[in-house]
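J.: Following the hints, position chain B against chain A.
There are 2 protein chains.
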Amino acid sequence: MAGNSHPVAIPEATVARLPLYLRSLQDVANESIATISSVRLADMAGVNAAKVRKDLSYFGSYGTRGVGYDVKYLLVQIRNVLGLTHDWPCVIVGLGNLGQALAKYGGFSERGFVIAGLVDADPDKAGTKVNGIVVSPLEELGKLVRKFEISIGVISTPAGAAQDVADRMVEAGISSILNFAPTVLSCPPGVSIRKVDLASELQILSFYQERRTPAKEQATG
Amino acid sequence: MAGNSHPVAIPEATVARLPLYLRSLQDVANESIATISSVRLADMAGVNAAKVRKDLSYFGSYGTRGVGYDVKYLLVQIRNVLGLTHDWPCVIVGLGNLGQALAKYGGFSERGFVIAGLVDADPDKAGTKVNGIVVSPLEELGKLVRKFEISIGVISTPAGAAQDVADRMVEAGISSILNFAPTVLSCPPGVSIRKVDLASELQILSFYQERRTPAKEQATG
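Line by line, the protein sequences give chains A and B. My numbering applies: residue 1 is where the first sequence begins, and numbers increase by one. My numbering applies: residue 1001 is where the second sequence begins, and numbers increase by one.
Next up, chain A with everything else stripped away, as it sits in the complex (with noise of 0.2 Å):
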């Protein structure tokens, strides 16, 4: 038993691919095929099919020779190893229009994050509504995260915030940041961030597209 109470390490960037693979295969079972090939589904997932491969082999999935893996069963282990067994309540801090599209998104209920709690430092916020819920001030936000078992906490706000919200995240047992805000968080050691800044994102594009249009000379030229 001990041998086996710490399982093999899945690498970051496979664990960052297995929603791919997720939602791909859910694709293929919905089209009610049993089993696909890692040929089939590195193309669907967009990646490279010795990858999909080694990924899977992390948590003992390897499939069969000229058959390919079970569809099914492959889906109940992904979502077992991705912890999608069960839901998981999320709280969203921030609701400027980013924070209410969020809270609106379906998105993330079908999958099994749902939205159990809104949070705003605007008073004039707090009280109203969003698709429902209730927004609260932001001194509520460790009843909430005790009252609903919150493990997965939101930040929208703005970057000047963001480092606030995230202490107070910390603070009141969160472990998992979802970070929006154009800021880099500092947390504890055993919290895990993830961040989505839209900006950045487009400047990647901008530096790509930078050197496709024809009558830009190279800045580095």
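A few of these clues could be false.
[Said to hold, decoys possible] Taking beta-carbon pairs under 8 Å as the criterion, some of the chain B residues facing chain A (in silico):
(1) P1019
(2) R1053
(3) G1083
(4) E1201
(5) L1202
[What the hints assert, rightly or not] Calculated lysine-lysine pairs in the DSS-like style (CA-CA distance at most 30 Å, straight line):
(6) B:K1072 with A:K195
(7) B:K1104 with A:K129
(8) A:K125 with B:K1054
(9) B:K1072 with A:K54
(10) B:K1054 with A:K104
(11) A:K72 with B:K1195
[To be verified] So the derived label-pair ranges between C-beta atoms look like this:
(12) A:R65 with B:D1070: 36 to 46 Å
(13) A:A29 with B:K1054: 35 to 45 Å
(14) A:I10 with B:A1049: 21 to 31 Å
No lab work stands behind these hints, which were simulated from the structure alone. Using N, Cα and C, we set each Cβ at its ideal position, and we do this for glycine too.
T.: Same frame as chain A, but now just chain B:
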């Protein structure tokens, strides 16, 4: 001259970190600080110092030993490299909750990504305004792209509609796409695609969260 026409290729991972450095340098510049060490910049951007030095060396920035990098000069360099010396007109296709939030999101235009057009396939939405911009029908995408010289397209449609929209964008001459729809797009070579899948980010967090919840058994045990 011919030798300079192909500048040193900057690795994709480096390009993805440049927006982080840019943001950190902007914060430092706002405090009127003239120079910054790689250690400090690394700390602000949430990467390690050796990576910062390597990343910046790709476009010839080496800093000065014991002094660091000139903040203003490095800002100019990174803005140049990222193609941020001029505005980039963008179009958003798909004006559900997320698309509307993106249309209203101040962080895009602040950083030079000006929303020049909004498009939705729903005839009831055509002609309405979001954030002061008229929503055009899908059929007018090409016209909009030509009129405003749009090179960046944002897709915030449901998954099922995204590939058709991407095809129409590419046909209209767009070669950079930011995709929020939870699906893998297939586009011709030469088209850059960045994807943001909000629910996937939460699934990655739930992976780590599941592993730290003490009451749960490891699925792989």
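J.: Of the hints given before, which are not true for this structure?
T.: Of the numbered hints given earlier, those the structure breaks are 2, 8, 9, 10 and 12, listed in rising order.
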